[in-house]
Amino acid sequence: MLAILRRDFRSYFNSPIAYVLIGLFICIMSLFFVDSLNAGVANFSSNFISSMSFMLLFIVPILTMRSFSEDKKSGTEVLLLTSPVRLSQVVLGKYLAATAVFLVLTAVSLVFPLVLLIYGKPDGATLFSAYLGFILLGMVFISVGVFASSLTENQIVAAIITFVSLFTLTSFSYIGSYVGGLVGKVLNWLAFMEKYYEFSAGIIDITSIIFMLSFAVVFVFLTVRILERKRWSQG
Amino acid sequence: MIEIQNLTKDYGKIRALDDVSFTVEKGEIVGFLGPNGAGKSTTMNIITGFISSTSGTVRVAGYDVLENPVEVKKHIGYLPEQPPLYPDMTVSEFLDFCAELKKVPRREWKSQKKDIMELVKVTHVSHRLIRNLSKGYRQRVGLAQALVGSPEVLILDEPTVGLDPKQIIEIRKLIKALGKKHTIILSTHILPEVSAVCDRVIIINKGRIAAVDTPENLSRKLSDFSRFTITVAGPEKRVREILQGVDGVKEVSVGGKPAEDETSFIVEADKDRDVRRPIFNQLAAAGYPILELKSMNLTLEEIFLQLTTTEAKEAV
Ligand SMILES: Nc1ncnc2c1ncn2[C@@H]1O[C@H](COP(=O)(O)OP(=O)(O)OP(=O)(O)O)[C@@H](O)[C@H]1O
Ligand SMILES: [Mg+2]
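Heads up: the sequence lines are chains A and S, in that order.
Start counting the first sequence at 1; every next residue gets the next number (our numbering).
Start counting the second sequence at 1; every next residue gets the next number (our numbering).
Just chain S, same shape as in the assembly:
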């Protein structure tokens, strides 16, 4: 649905995007993740034809953005970083205006407008001036604007910014539901958001793609039992000695004492070595039973930091 090849964008001497390539399949929800200034908004502005790229190609629904901008724009609903709203219009007038711009047939528009307003829950403010709406409501009207004309592709730049926690959950649900009919790219800094709604994550840092995978795979790939908690019945000091004695174990620390004679340890081991078997054998030989062994999966947050900080080191 969306094919991006070798996209590069220079702002004067600043390279905002450096050779970015990825594709998004029909019906996918892809999360664009990256720290401030990574180039998320820049990429989105290029896909939607708002700004031009320095080099590289963007195709949406088979049309090239440069050759066929109007066709591409017909297929896209865009919610930019700053929701594009006319403060001197009411919500209802504004959506009518958008429908006219996007050439939605009159007959369809009436029912579509009702659906959209209910979907993003702005029906009860439809006759208020946008100027007088709160930030969260403006964000929702911005989202409504992107849905006008029911475009196949939705590009949402930080769609949940400025919403209260309850709204955030609702909007995520909405995006998830929209994903059944639309292809969606959304950008965010909020990692749980990505695991909550996205089929795939693209982590971007300093204008380069750092990783592309499903949220689950990313967590798994980078954790690999390098770090786990183990709860053992036995004297703390003795068990610790045994754990530290296992080849490959780097660090052992006490995580807690769930009961009188039980201790939880946090064990860090070499990434490319499975130390679980030797630990089991040695503890069993010593007569201290393992009660629990649990991998401490890295959260997306930790992965994100790991990826973006190592990238930064390489760049230096």
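So here's chain A without its partners, still in its complex pose:
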């Protein structure tokens, strides 16, 4: 598993993809940054980091689209699946590689709070909790993205599926409050965005952490199942 994690992580940085994503992210966030400075240092964490999360909707699909399709194309899928490694380890390795790239991106984004120190003193606790929420949200998104990439051999299709599902998932809380009833309840329960907003408001709730991590685990597990099913049905 570590071998796959390391290889995929390096492969992200061997191609322009990781640099382009991080570069674009920082550029666009700089614009938001200036904007949120105008809104005042006090509200920085919630404002700014919410816009970072919004960016994830676009970044994660591109990050995860090649997780499995790349191996299908180069034929290395055979290598991974005929090695004495369990399928779950292959999936986990790929998931963690994408997560590691995401963590690098998160680390780079720390320049913004650092710059902020020049202007004033942001609330450390809120900042921490907002970043924790951001990371958890990223992990959930990536699990959805990896799942989508196991569904299709086409990278573009994988990216689009990921984007649409993430968009739908994030709007659950809005839909939920409109629909009402049992469906509404389920949607509200699934609405991890709500949980995420708590984090950016500085509330760290253990159940929310567990909820979001389980969400990611479920999708990683589903990915394993999908790949297994695929091999069984068509070969």
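Treat the hints loosely; a few may be bogus.
[What the hints assert, rightly or not] In silico BS3-like pairs for lysine-lysine, Cα to Cα no more than 27 Å straight-line:
no., chain 1, residue 1, chain 2, residue 2
1, S, K74, A, K230
2, A, K230, S, K176
3, S, K173, A, K72
4, A, K230, S, K206
5, A, K73, S, K74
6, S, K121, S, K135
7, S, K180, S, K121
8, S, K166, S, K113
9, A, K72, S, K74
10, S, K13, A, K73
11, A, K72, S, K135
12, A, K72, A, K230
13, S, K110, S, K121
14, S, K74, S, K176
15, A, K72, S, K166
16, S, K103, A, K73
17, S, K180, S, K114
18, S, K135, S, K173
19, S, K110, S, K176
20, S, K135, A, K73
Since the hints were derived computationally from the structure, they do not count as laboratory data.
The hints should help you fit chain S with the ligands onto chain A, whose structure is shown.
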């Protein structure tokens, strides 16, 4: 070492493998021979656990592929039809990655890597990106990948494809040498390759096994003096008449004239009849001595065509 029983594989409505059974003993080199779409790659993909079978069992080193996939995979080195390579890695990095995947102990790996790279002759390109290698070199890196961890069983799908003639001979030699320590199944379309390296041939056609034997036996079984050349000293016309008069001879044609009064004939006779004795007696009686009599053994190529085309006729 490898036991395959009643293996069947359906792709939707297409039956790619139909009740295939065979075994491979430890240390054997078995050639898998068959036309395009015969099911060679499919069989190999099932043995290595890459795809599942519809029914039937596969056991490698005593382990069932379905029950114990990880154990089976530990015993196998696989070179698929398309060598599985990461274009963005160097040869050296890629082999390190494979060693990690196959859990080769670090201490052993250093010397093993050196040996493998020398064996398949990729040492001088070890720091180049795989993306920039030629087809032949990629094939060799693919072979190197299969050797990582020194697995007991090697499964090689068309290992000499894309190599130049000199390389083909070298790789065949290498496979032959590897056969001393490993059990090998290789697939190919190239018939001389089979006679050159394999202890046994499995001819497969349309998902069924058409024949299993040693390359020599196969040639012998199907030739049986049904066709031979005979060189006789004497007038061409007269000798031909005598040959045609022998009971059992079906066709006589002139193959050449090695000297003024000598003629070579190609004689085709009934398969289940030995016409050599009557020919000798009659020619001797007429006073025309036989200078040479040579069986025209069918080449594997001809056998292959014969087996696979008759099978095709039966199927219709
Ligand atoms: N993924 C697949 N889906 C549907 N049919 C397939 C698939 N893979 C192989 N087949 C079919 O199974 C049959 C056997 O194919 P296979 O690749 O095993 O042949 P092969 O003997 O390796 O041929 P070649 O010499 O061309 O490599 C063919 O009829 C092929 O069309
Ligand atoms: Mg094939």
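Exercise for the section: Measure nothing beyond the straight line between the CA atoms of K110 of chain S and K176 of chain S; if it is 27 Å or shorter, mark the hint as holding. Expected result: Satisfied, since the Cα-Cα distance of roughly 25 Å is no more than 27 Å.
Practice task
Please work out if K180 of chain S and K114 of chain S have their alpha carbons no farther apart than 27 Å.
Solution key: holds (20 Å)
Handout entry: Given hint K121 of chain S paired with K110 of chain S - CA-CA distance at most 27 Å
Key = holds (16 Å)
Handout entry: 27 Å Cα cutoff - pair K72 of chain A, K166 of chain S
Key = violated (32 Å)
Practice task
For the pair supplied as a hint, K166 of chain S and K113 of chain S, confirm whether the alpha-carbon distance does not exceed 27 Å.
Solution key: Holds, at roughly 24 Å.
Problem - Hinted pair K72 of chain A and K74 of chain S, Cα distance within 27 Å - result: Holds - the C-alpha atoms of K74 of chain S and K72 of chain A are around 22 Å apart, at most 27 Å.
Handout entry: Holds or violated: K13 of chain S to K73 of chain A, with C-alpha atoms at most 27 Å apart
Key = It holds: about 25 Å lies between the C-alpha atoms, which stays within 27 Å.
Problem - Proposed proximity, K72 of chain A with K173 of chain S (alpha carbon, max 27 Å) - result: violated (32 Å)
Handout entry: Proposed proximity, K173 of chain S with K135 of chain S (alpha carbon, max 27 Å)
Key = holds (20 Å)
Exercise for the section: Below or equal to 27 Å on CA atoms is what counts here, so check K180 of chain S against K121 of chain S. Expected result: holds (20 Å)
Handout entry: Holds or violated: K230 of chain A to K206 of chain S, with C-alpha atoms at most 27 Å apart
Key = holds (25 Å)
Exercise for the section: Compare the distance between the alpha carbons of K103 of chain S and K73 of chain A with 27 Å, and conclude whether the hinted pair is satisfied. Expected result: Holds, because 25 Å separates the two Cα atoms, which is no more than 27 Å.
The structure is inconsistent with the numbered hints 2, 3 and 15, although it conforms to all the rest.
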